[in-house]
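Q: Based on the provided sequences and hints, a complete structural model is requested.
Protein chains in written order, with this note's numbering: chain F, 1 to 195; chain P, 1 to 338.
Rather than coming from a laboratory, the hints here were simulated on the basis of the structure. Computed from a predicted model, the values in this text were never measured in an experiment. Note that CB positions come from ideal geometry on N, CA and C, so glycine has one too. Possibly wrong hints are sitting among the right ones.
[What the hints assert, rightly or not] Listed next, the stretches of chain P that the computed footprint assigns to chain F, with coverage defined by at least 3 CB atoms under 8 Å from CB atoms of chain F:
id, segment
1, 102 to 109
2, 125 to 136
3, 257 to 268
The primary structure of each chain is shown beneath.
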Amino acid sequence: MNPVSPRASRGATLVELLIGAALALLVLGACTGALAAAGRLLAALGARAEVEDTAELAMEAFRFDVRRAGFDPSGVGIEALPAAAADRVTLAADLDGDGVLDASSEEITQWVCATSPSHLSRLIGAQSLPVAAPVERCELHYLDGAGVDLPVGGAGLSAADRARVRRVVLELAVEPSRPGAPAVRHAEVALRTAP
Amino acid sequence: MTPRHLDRGSALPAALLVVTVAAVAAASLATLARTEVLLSRNRVSAVRALSAADGCVASIVSALPAGWGFDALLRGPDGAGGTADDGATIAPSGCAAAFRPAPDPAHALLNVEATAGEGRRALDAVVARAAEPAIPALLWLSEAATLGNVAGSLILSGADPVRPGAPRAPMAAPDDPALLDAWLAAHTGRVAVQAPAAAPFRAPAPPLAELATRARAAGALPGGTLVPAGTPPLALTLISGDLAIDSAASGRGLLFVDGLLDIAGTFEFSGVVVASAGIRVASGARLEIAGAVWLGNGATLTVDGDVHVAADGAALDAADGLLGLPRRAVVGGMRDAS
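A: This is how it looks when you write it as structure tokens:
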């Protein structure tokens, strides 16, 4: 066995320990700060991604419903837009081609911009599916063949005006769960039914 | 004194543990990111495929000839029902399509399946006939080569008093609309397109053979419906062979000349004038049409005099009342079939 000299087994002095501890604290502090910043960034990005995803999914679902509105293989005269107001629109499609609209199925969907609390919902029969909430802006517009925005009164568009609608517009701004800019979307969807 | 092996500490296991935990965390993050990327890619593929399917439907429907129903289409290329090619149709690359009967016999169902990248979408479209008769063009040609030289003057007025928001195009043909544009540009000064007017567009040839058959079946008169002066009767007229007009004449309704319409005098007509072999307007002669002119395959349009064709939806509607005019195929609704 090698003899250990007293000098080698002396250990660290108090100054060395303090310096070591200070350096360790410094490194740990820097790491913690970096981790915290990364965590905050991750959370912010997650919230941003979530709100953008919510807005995009809402738009996709809206486009999906408007695209198929008026599907009428039986030729019974299904009206694509049975109702159209500034805050809600009803879309109808005879999806099974039996010539009858089943109000409890997806053959009739309603999109509603609600105010208290502010949200965008998709209604099917008695089911209400909140698509986006909270929303800073949620508006529906109806354009005719020339792109003119048809004025919507309190009772919504008349039957004659609904027959003129060629495109349905949804303006949506979804607020994120953390402070930040809303996710803004504009969908202008042409009805797939010839005038 | 402490034995040396007890002095070793736990730095290595601790470091290994930290590295393992970090590696697992990094792998989890990478997997999450990869999943998000794949989801986004799938979504992009799906949207691209949907756009491709949409485009496919639009392309197929716009290429369908104007007509009255979809029976011929549903019978397929062999023209016989109940065979394997029923409903078969030519589709643009990247998509497959087939027609099938709809519950309403006035409609047809078009099923389209399109692929774009790794995405695939299928759509069912209801195909109907347009509510508006014929096509929105003043001259409906079976081929752009029909247009000959214009030594006189040809005025095409697209403004339709009945449909003020939808001016007519000066002409339509199955060929590339650029040919029609080029012809108009080459005849600037002798051919005038009065605004408002839509741009020339591509349209399959008018179905003149079936129109003649329908006119005969509807009891079209063989002549005598044109008058030299006064208000002419609204009539469905089918002339077998050429029709020469040497003095003043006018008419209303639908005039089908199964030959050459040769005008050496003054001829005014309100409605649709069909000339299977073409129209010749001699120098000093005048032709005024409120409605539309349809020319057959190989027909020629020779204008040495003055010709004015003006849009008139009411005149077309009146002709349509005499004999249902062919109508364009249009999409009457769509649903996702994926």
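Q: Check, residue by residue, whether the segment 257 to 268 of chain P contains three or more positions whose beta-carbon lies closer than 8 Å to a beta-carbon of chain F, and give the verdict.
A: violated (count 0)
Q: Take the segment 125 to 136 of chain P, compare each residue's beta carbon with every beta carbon of chain F, and decide whether three or more fall closer than 8 Å.
A: holds (count 5)
Q: Does the segment 102 to 109 of chain P contain three or more residues whose Cβ lies closer than 8 Å to a Cβ of chain F?
A: holds (count 6)
Checked against the numbered hints given earlier, the structure breaks only hint 3 and satisfies all the rest.
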